[in-house]
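J.: Each chain, letter by letter, is given below.
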Amino acid sequence: MDFLTINQNNYVVFLILLFGSSVILAVYKDWSLLTPALVIQFLTVAVIANDLNETTVRVMLGAIPLAVFLKGISGVIAGVIFFLTGYALIVERREYRAEQLEEEMNDRGRLRRLFYRMQTTQANQFRYVDYVLPIGAIIIAAGATYALATLVPFSGNILGDFVFYWLGCVGIAILVVGRDILKLGVGLMVALNGADLLYALLRNGDSPVVLAASAAITILLALLVSYLAILFYTKMKTLNLGEGLQRKTRRSRA
Amino acid sequence: MPFLILPLPFILTGFIVGFEFVFSPARFEFSRRLMVVWPIVALAAMITLLWLPTPDVDLNLFGFSALAKLFLTLLYVLTGVALLAAYPLGVLDTGRFAPVSLAVCGLLQAGLYLANPFLVTLCIVAASFISLIAVVDLAGTKEEQFVKAVRSAVRYLIASVLFGLTLFIALVFLERLRLDPQLTGVIKIVVALLTVGFAVRLGVFPFNLWLPELLEEINGLAGFLVVGLINAAATVFLFDFLQRNPALLFDNYNQAQAVMYLGLAGAALAGLLALAQNGMGKMLAYIISSDYGLILFGLASPHTTGKSGALYSLANLLLLQLLIFTSLSLIYYCLRSNSLEGVTGLGRRMPIAAVGLMVGLLGMGGVPLLSGFAGKYLIIQSAAQEGIWWALAAGVGVALSLMAALRYFHRHFMGNDTPGLRTRPEPRAATALVLALVFAVLLFGLWPAPALDLINSAIK
Numbered sequence: 001m002d003f004l005t006i007n008q009n010n011y012v013v014f015l016i017l018l019f020g021s022s023v024i025l026a027v028y029k030d031w032s033l034l035t036p037a038l039v040i041q042f043l044t045v046a047v048i049a050n051d052l053n054e055t056t057v058r059v060m061l062g063a064i065p066l067a068v069f070l071k072g073i074s075g076v077i078a079g080v081i082f083f084l085t086g087y088a089l090i091v092e093r094r095e096y097r098a099e100q101l102e103e104e105m106n107d108r109g110r111l112r113r114l115f116y117r118m119q120t121t122q123a124n125q126f127r128y129v130d131y132v133l134p135i136g137a138i139i140i141a142a143g144a145t146y147a148l149a150t151l152v153p154f155s156g157n158i159l160g161d162f163v164f165y166w167l168g169c170v171g172i173a174i175l176v177v178g179r180d181i182l183k184l185g186v187g188l189m190v191a192l193n194g195a196d197l198l199y200a201l202l203r204n205g206d207s208p209v210v211l212a213a214s215a216a217i218t219i220l221l222a223l224l225v226s227y228l229a230i231l232f233y234t235k236m237k238t239l240n241l242g243e244g245l246q247r248k249t250r251r252s253r254a
Numbered sequence: 001m002p003f004l005i006l007p008l009p010f011i012l013t014g015f016i017v018g019f020e021f022v023f024s025p026a027r028f029e030f031s032r033r034l035m036v037v038w039p040i041v042a043l044a045a046m047i048t049l050l051w052l053p054t055p056d057v058d059l060n061l062f063g064f065s066a067l068a069k070l071f072l073t074l075l076y077v078l079t080g081v082a083l084l085a086a087y088p089l090g091v092l093d094t095g096r097f098a099p100v101s102l103a104v105c106g107l108l109q110a111g112l113y114l115a116n117p118f119l120v121t122l123c124i125v126a127a128s129f130i131s132l133i134a135v136v137d138l139a140g141t142k143e144e145q146f147v148k149a150v151r152s153a154v155r156y157l158i159a160s161v162l163f164g165l166t167l168f169i170a171l172v173f174l175e176r177l178r179l180d181p182q183l184t185g186v187i188k189i190v191v192a193l194l195t196v197g198f199a200v201r202l203g204v205f206p207f208n209l210w211l212p213e214l215l216e217e218i219n220g221l222a223g224f225l226v227v228g229l230i231n232a233a234a235t236v237f238l239f240d241f242l243q244r245n246p247a248l249l250f251d252n253y254n255q256a257q258a259v260m261y262l263g264l265a266g267a268a269l270a271g272l273l274a275l276a277q278n279g280m281g282k283m284l285a286y287i288i289s290s291d292y293g294l295i296l297f298g299l300a301s302p303h304t305t306g307k308s309g310a311l312y313s314l315a316n317l318l319l320l321q322l323l324i325f326t327s328l329s330l331i332y333y334c335l336r337s338n339s340l341e342g343v344t345g346l347g348r349r350m351p352i353a354a355v356g357l358m359v360g361l362l363g364m365g366g367v368p369l370l371s372g373f374a375g376k377y378l379i380i381q382s383a384a385q386e387g388i389w390w391a392l393a394a395g396v397g398v399a400l401s402l403m404a405a406l407r408y409f410h411r412h413f414m415g416n417d418t419p420g421l422r423t424r425p426e427p428r429a430a431t432a433l434v435l436a437l438v439f440a441v442l443l444f445g446l447w448p449a450p451a452l453d454l455i456n457s458a459i460k
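Order-wise, the sequence lines are chains A and B.
Counting from 1, one number per residue, gives the positions in the first sequence under this note's numbering.
Counting from 1, one number per residue, gives the positions in the second sequence under this note's numbering.
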C-alpha cells in the first residue's frame, strides 16, 4: 500500500489524522499525548505536502522524496525533544517532592506541606474553563478555516488551501489560549508546519538547501522551547508563565 | 578562501563552548579573558576575509553586496566593543554571551552572503533563536526578574517565528508572481506581508508588543544583540531585497506610500507612548521603535535622501544603542543589579555612565553635533519633499522621543542623592569604553560626510 500518495480511499484518514492531532495539540496539556500528536501531524503534513507538490523534477532520497523525509525526520526529532523534556520535568518534579518529604521528615515543612496540598488540589481540580477555552478556540479556528478556504482560495487546490489555513488558524489558536511554555512552543511548531506546506504548494521546484534549513529551524525551535521549559521549571516549579509571576508576587506580599 | 568566512564563526563558537565547558569562566579568570580574546580575534579575521578581493562570484547565488560588507564590518566592530565592555561588567561570567554573540554574527553573515531569500529568512530567524539564549542567560538571579525575562523571551520567540512565517509566505507568493506575472494583485499581498514581517522584527509600532518588556527585563548587552545586530542585518537584507525587486516598492509609489504612512505614524505614536512609560527599558523600547519607524519610512520613500538617511540612521542607531546599553549595563552593575525605581541623583555617583547615557539619548533624539543628527535630518528632508504634514509628523516623532528620554534622565540622574543607596564604583575599563563610544558619537556628529559618502556609494 502506498502511503505517500493521497487517493479517494485514504484521504479521509489523512484528514482525520490531521484534525485529531490538531485538537489534541490544542486541548490537552499532557506531554505524553502532545508529543505523539505532534509527530503524527508532521508526518501527515509531509504526505499531504508531497501529494500536492506538482513539481516535475523532485529531489529523491531513494524511494522517498527528500521533502517528505526531511519533514518527517524533523517532526520525529522535535517530538523526541519534547518527549525528553517532559521526562526531564517529571524527574525534576520527583526530586522536588523528595526534597519536600525530607523537610517534612525533619519537621520543618508543616506549613509548607499545607500550602503545597492546597495548591496541588487547586491545580489538579478539573476545571471546565481549562478545556472550554481551547475547544472554543478550535471551533473558531475551524470556522475561520472554512471561511478563508472558500473566500480566499489561492492555490487552486481545495485540500491545500484548507490544510494551510487550518494549520495557521490552529497554530494561532494555541498561541492565544496557551499559558505554558511547552504549549506555546507547540503552537509555533504547528504554524511553522503551515508555512512549510505553503512552500510545497506554491514553489516551483524543491530546493534541498531550503528544505534542510527549514527542518533545521524546526529542530532548533524545539530545542529552544525545551531549554526555556527546563530552565523555567527548574527555578519556578511550574511551566505556566502567569502562575510563576503570581506565585512570586504572593511570596513578596507575604 | 572566501568560503572560509562562513564556517569560521561556527568553528570558533564550538571551540569556545567546549573550552568553557572544561574551564568554567565563573571559576577561572583566564577563561573569562579568553572569552573576550577569541571572539575578537575571530571577528578581526572575519573583517579581513570580508574585504579580501574575491574571484568573480555569481552574485545571483552568493556574495556580499557593497552595503552588506559595510554593515557587517560595523556589526563586527561594535560586537567586539560589546564583548570588551562585557568583561569588566561581569556579563561573561556565565560563559554564554561570547559564543552566542559570535554565532549570531556568523548566522547574520551567512544570511547576507546567500542570495536565496528563503535561506536568508531562515538565517535571521536562527540568529533570533540563538540570541534568546543570551536573553535568558543574563536575566539575573532574582526570581521576579527571571520570570519576567523568560516571559518576554517567549514573546520574542513568538515574534521571531511570526517574522519568519510572514516573510516565508511573502516569498512564496513572490515566486508565484514570477511564474505568472499576470497576477498583479499578488504584489499587494507580498508588500503587506513583507511590511508586517519586518515591522514585527524591527519593533515598529504597533507591532512592537514584544519589545518593551524585553528591554525592561534583560541585560543591556543582550538587548544590543536583539535590537541592534539582528535588526540591522534584517534591514540591510530588506534594502538589498527591495533593490533586487524594485516592482514591489521602489518603482511602485502607491505601495510605498502605505509603508511610509505606517512608518511615520508608528514613529509619532511610539514617541508619544514613550512619554507614558514607567520604566527605563520600556521607554527605550518605544524610542527605538520610533527610530525604526522613521527608518522604515526612509527606506520606502521615493527620494534618495530618504534612503541614504535611513541607512545612515541605521548605522548610527547601532552605535548609539551600544553606547546606551553599555552605559545602562554599567549603571546596573554599579547598582548591584537593583532596580532604578525610586533612585535619584545617580549622575553624581556614576558620572561617566550618566554622560554616556545622556549623549546616547540625545544622539537618538537627533540633536545637532551628535551622530544621530545627519540621518534624522535627511529623513525629515525626505518627508518634507512629500509635503509639510509628513515633515511635521516626522518631527513630532523625534521631538516626543527626545522629551521622553530627557524626562526619564532628569528623574533618575539629576536631583538629590538617594540616601542609604549602596553602589559600586564605576570600573575603569568600562568607563574608558563608554568615553570612546561618546567620542565616536561626537566624531560622526561633527564629520558625517565620509560615512555618508560610503553609504551613498554602497547604495549605488
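The set of hints was computed from the structure by calculation and includes no laboratory data.
Keep in mind that a hint or two might mislead.
To be verified - Here are the computed lysine-lysine pairs in the BS3-like style, where the Cα-Cα straight-line distance is at most 30 Å:
{"id": "1", "chain 1": "A", "residue 1": "235", "chain 2": "B", "residue 2": "142"}
{"id": "2", "chain 1": "B", "residue 1": "188", "chain 2": "B", "residue 2": "460"}
{"id": "3", "chain 1": "A", "residue 1": "29", "chain 2": "A", "residue 2": "235"}
{"id": "4", "chain 1": "B", "residue 1": "460", "chain 2": "B", "residue 2": "69"}
{"id": "5", "chain 1": "A", "residue 1": "29", "chain 2": "A", "residue 2": "237"}
{"id": "6", "chain 1": "B", "residue 1": "142", "chain 2": "A", "residue 2": "29"}
{"id": "7", "chain 1": "A", "residue 1": "237", "chain 2": "B", "residue 2": "142"}
As the list claims (entries may be wrong) - Some chain A residues well away from chain B (every beta-carbon gap over 12 Å; in silico):
{"id": "8", "residue": "10"}
{"id": "9", "residue": "90"}
{"id": "10", "residue": "135"}
{"id": "11", "residue": "164"}
{"id": "12", "residue": "192"}
{"id": "13", "residue": "211"}
What the hints assert, rightly or not - The following residues of chain A were derived to be distant from chain B, with all beta-carbon distances above 12 Å:
{"id": "14", "residue": "84"}
{"id": "15", "residue": "86"}
{"id": "16", "residue": "87"}
{"id": "17", "residue": "147"}
{"id": "18", "residue": "152"}
{"id": "19", "residue": "172"}
{"id": "20", "residue": "180"}
{"id": "21", "residue": "201"}
{"id": "22", "residue": "225"}
{"id": "23", "residue": "231"}
Positions of the beta carbon are idealized from the N, C-alpha and C atoms, including for glycine.
J.: Tell me the hint numbers this structure goes against, listed in increasing order.
T.: 11, 12, 13, 18, 19, 20, 21, 22 and 23
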